[in-house]
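Respectively, the protein sequence lines represent chains A and B.
Counting from 1, position 196 in the first sequence corresponds to residue 195 in numbering that gives the first Met the number 0; the numbering is continuous, with no gaps.
Counting from 1, position 135 in the second sequence corresponds to residue 134 in numbering that gives the first Met the number 0; the numbering is continuous, with no gaps.
Possibly wrong hints are sitting among the right ones.
Unchecked claim - Some but not every residue of chain A turned toward chain B, in silico, with C-beta under 7 Å: (1) N51; (2) R76; (3) E77; (4) Y86; (5) F89; (6) Q92; (7) A100; (8) V115; (9) R125; (10) A137.
Rather than coming from a laboratory, the hints here were simulated on the basis of the structure.
Heads up, the beta-carbon is just placed ideally off N, CA and C, and yes, glycines get one too.
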Amino acid sequence: MPPVVDIRALHKVYEEGPMRVEVLRGIDLEIAAHEVVALCGPSGSGKSTLLNILGCLDRPTSGVYSLGGRDVSTLDREEQAWVRLHYIGFVFQSFHLIPDATALENVALPMYYAGVARGEREERARAILGRVGLADRAEHRPNQLSGGQRQRVAIARACACKPRLLLADEPTGALDSRTGVQVLELLGELHREDGLTIVLVTHDMGVAAFAERQVHLQDGVVVDERRADASSG
Amino acid sequence: MRLVGSEGLRMAVQVLLRNPGRSVLTVLGLAIGVGAFIAMVSFGEGARRSVITQFESLGTNVLKVKSRVGGRDAGGRPPRPLTDADVRALEREATTLADVVPLARRNMDVTYGGDQHRTALHGSTPRFNVLRDWRLQAGGMFDETDVAERAKVCVLGMTPVRELFGSRDPLGETVTVGSMPCRVIGLLAEKGRAISGADLDDALVLPTTTMSVYLGIPDGYMYLEIRPKSPELMTAARFEIGEILRRSHGLAEGELDDFDLLSPDEVTRAADQTSRILTGLLAGIAAVSLLVGGIGIMNILLVSVAERTHEIGIRAAIGASPRQILSQFLAEALALAVVGSGAGAALGALAAVLVAKPMGWQQSLSPAVVAGSALFGIAVGVVFGYVPAQRAARLDPIQALRRE
Numbered sequence: 000m001p002p003v004v005d006i007r008a009l010h011k012v013y014e015e016g017p018m019r020v021e022v023l024r025g026i027d028l029e030i031a032a033h034e035v036v037a038l039c040g041p042s043g044s045g046k047s048t049l050l051n052i053l054g055c056l057d058r059p060t061s062g063v064y065s066l067g068g069r070d071v072s073t074l075d076r077e078e079q080a081w082v083r084l085h086y087i088g089f090v091f092q093s094f095h096l097i098p099d100a101t102a103l104e105n106v107a108l109p110m111y112y113a114g115v116a117r118g119e120r121e122e123r124a125r126a127i128l129g130r131v132g133l134a135d136r137a138e139h140r141p142n143q144l145s146g147g148q149r150q151r152v153a154i155a156r157a158c159a160c161k162p163r164l165l166l167a168d169e170p171t172g173a174l175d176s177r178t179g180v181q182v183l184e185l186l187g188e189l190h191r192e193d194g195l196t197i198v199l200v201t202h203d204m205g206v207a208a209f210a211e212r213q214v215h216l217q218d219g220v221v222v223d224e225r226r227a228d229a230s231s232g
Numbered sequence: 000m001r002l003v004g005s006e007g008l009r010m011a012v013q014v015l016l017r018n019p020g021r022s023v024l025t026v027l028g029l030a031i032g033v034g035a036f037i038a039m040v041s042f043g044e045g046a047r048r049s050v051i052t053q054f055e056s057l058g059t060n061v062l063k064v065k066s067r068v069g070g071r072d073a074g075g076r077p078p079r080p081l082t083d084a085d086v087r088a089l090e091r092e093a094t095t096l097a098d099v100v101p102l103a104r105r106n107m108d109v110t111y112g113g114d115q116h117r118t119a120l121h122g123s124t125p126r127f128n129v130l131r132d133w134r135l136q137a138g139g140m141f142d143e144t145d146v147a148e149r150a151k152v153c154v155l156g157m158t159p160v161r162e163l164f165g166s167r168d169p170l171g172e173t174v175t176v177g178s179m180p181c182r183v184i185g186l187l188a189e190k191g192r193a194i195s196g197a198d199l200d201d202a203l204v205l206p207t208t209t210m211s212v213y214l215g216i217p218d219g220y221m222y223l224e225i226r227p228k229s230p231e232l233m234t235a236a237r238f239e240i241g242e243i244l245r246r247s248h249g250l251a252e253g254e255l256d257d258f259d260l261l262s263p264d265e266v267t268r269a270a271d272q273t274s275r276i277l278t279g280l281l282a283g284i285a286a287v288s289l290l291v292g293g294i295g296i297m298n299i300l301l302v303s304v305a306e307r308t309h310e311i312g313i314r315a316a317i318g319a320s321p322r323q324i325l326s327q328f329l330a331e332a333l334a335l336a337v338v339g340s341g342a343g344a345a346l347g348a349l350a351a352v353l354v355a356k357p358m359g360w361q362q363s364l365s366p367a368v369v370a371g372s373a374l375f376g377i378a379v380g381v382v383f384g385y386v387p388a389q390r391a392a393r394l395d396p397i398q399a400l401r402r403e
C-alpha cells in the first residue's frame, strides 16, 4: 500500500519585506496508512508550519507533498478546501467549535459543506457522537460542555467525512492529564477500529509516546526518528 | 452548485436571528430607501396625472396661437400683434378650420363709486374654451348675442369685487372700465392663486367685441383658439394656420414666426415632461437613500465578518471552500435585503396611498413600481453584501483561526 503522506525536500520560506525566514529546510517524510505519528520539537522548530502544510491550510515554497498518491503542493484555495473536506480531519488544542452551534450541528457541519442531505447528515452526526460517548449531549452548546467533552465533539467532527488523515495539534494541551488520557484513548480506538492515520503534534513526551513513531524536528529539519517499540524496548 | 441554496438561506436567517436588534437596524436604512423610492415615484406619477388631466380638460381638439407681443424679443423686428385682420384672414382663407375664437387681455382701471382697482380684462366669447372651466358664483355669463351687439356687460372675479364693493352685492351694478360704463351680470367663483403666485381672481371678463370697440386692444389678441373641422385635420390645420398668419403678418421666407402655434398634445406633453423631470428628481433623491441603505448593510456585514473571523477560520479549516463562505455571507445579505425591501415596499405603498388622498392627487400606486423598487432594493443589498462576503471568503484560514 502506498504511503498516505509522502513529502520530499519540503521547504517553507516566509518573506516579509527584507526579512526572510526559512522555517522548513528540506523535510522528507513518509507516513504509511494506519500509522500514528507524533511530530515533536520545541516551539519554533517548524512543526506547526509542517502541520499546516500537511492539512492543506498552507503551501510549501518548494518540494513535493503527495497526499494519498496525489500531489497537493500546488493546489489553489478552492482545491485545498476540497482536499481538507474529503481527506483531512483537524483536532485543535483549543477545540475550535462554533460556539453558537450545538454539538450535533458542529459535527454535521463538514457534511453540510460536502453536500450531504440534512436528514442523513444529522443521522450520521448522531451516530458519531454516540461513538465518542456523547449521544446524550447532542443538543448542548460548547459552553455547556466540559473541556474533554468539547474535544470529543471536535474529534467527532474531524471524523465526520471519513478522512484519510487525522491531524491533531496538541489535542490534550488544554486538558487535565486524566481527561487528556481519555482523549488519547479515544483517538487510539478510532485508529484501531477505523484504521485511521493520525499525525499528532506535541511537545509533551508523554503524548508522543502514544504514537507508534516519533519524528523530532528542530530548526526546520528532521533531527531524529524513532519507533515506539524501539524506544520502549 | 448554486451560489445561495435554500439551506444556506435558512442558516443565514438563524444567524441573523441571533442578533435581532442589530438585524432590524441593518435593514432599517434599506427599508426607508425602498419606501421613499416607492412613495416618491407614486407622488410624482400622481401629480403628473393630475396635471395632464387638467390640461386635457382644456380640450384636445383645439389649436392655440399665442401672441409674442410683450414677450422676449428674439432680435430682428418686433413681433406683430394678433389682430382682427388675422382672424378674418383665417376665417376667409382656411379650408380646414371650423372656428377661430380670440382672447384679448389688457390691464385697466375699474372704478365703482369712489373706489378704483386695476385688474386684468379678458375680452372673450362664450365659445372660448377656458371660460367653460370658469365656474360662476352668481349671475350668468354673457352670450353670443351680447358679443354680436357689443353689449356693455361684464363678469367680475372675486378680487375686484372685494376691492370695489366690499360686502355689497355687485350684481346689476354698473362699474366703469376705463371710461366705459359696464353692467355686472355675473361673478366668478373664487380660484385662489396660480403656482406662479398670480392672483387668478383678479379678472374682469367682457365680450371681445365690446373690448375691441370701446376700450381698444393695442397689443392685439393674446390667444386665438382655433378648432379644426375634425380632429383628423389637426396637422393640416396647423400647417394652414402657420401659412396664413405668416402671410397676414407679411413675413418673408426665412424669417421666423412671430407667433407660437401650440397644439393641445404639445401643451400636455410639455406639462408631462415637466412633471416627469420632477418625478425623476424625486426618485433620484430616493435612490440615494436606497444606496445609503445598501451601505448600511455593507457596514454591518463588515462588522459581522470582523467579529466572526475566528468562526470563518474554523469553517475554512474543516473544509468550507472560499466559495461556500462567500455564499454564506451573501445569503445573509440576501435575507437582510429581502426583509428590508419587503418592509420598505409595504411602508412606501402605505405612504403613497395615505399622502395622495389629502393632497388631492390621483391615486397612482403601480404594482410594477412596488415590485421593481423591492427588487432593486434586494439587488442593492446583495451588491453591497458582496464586499464583506468576499472579504470573508478571502480570509486566510490560519490567520483567522488565531483570532479569538
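Outcome of the hint check:
no.: 1; hint: N51; verdict: holds (6 Å)
no.: 2; hint: R76; verdict: holds (5 Å)
no.: 3; hint: E77; verdict: holds (5 Å)
no.: 4; hint: Y86; verdict: violated (9 Å)
no.: 5; hint: F89; verdict: holds (5 Å)
no.: 6; hint: Q92; verdict: violated (11 Å)
no.: 7; hint: A100; verdict: violated (9 Å)
no.: 8; hint: V115; verdict: violated (11 Å)
no.: 9; hint: R125; verdict: violated (18 Å)
no.: 10; hint: A137; verdict: violated (17 Å)
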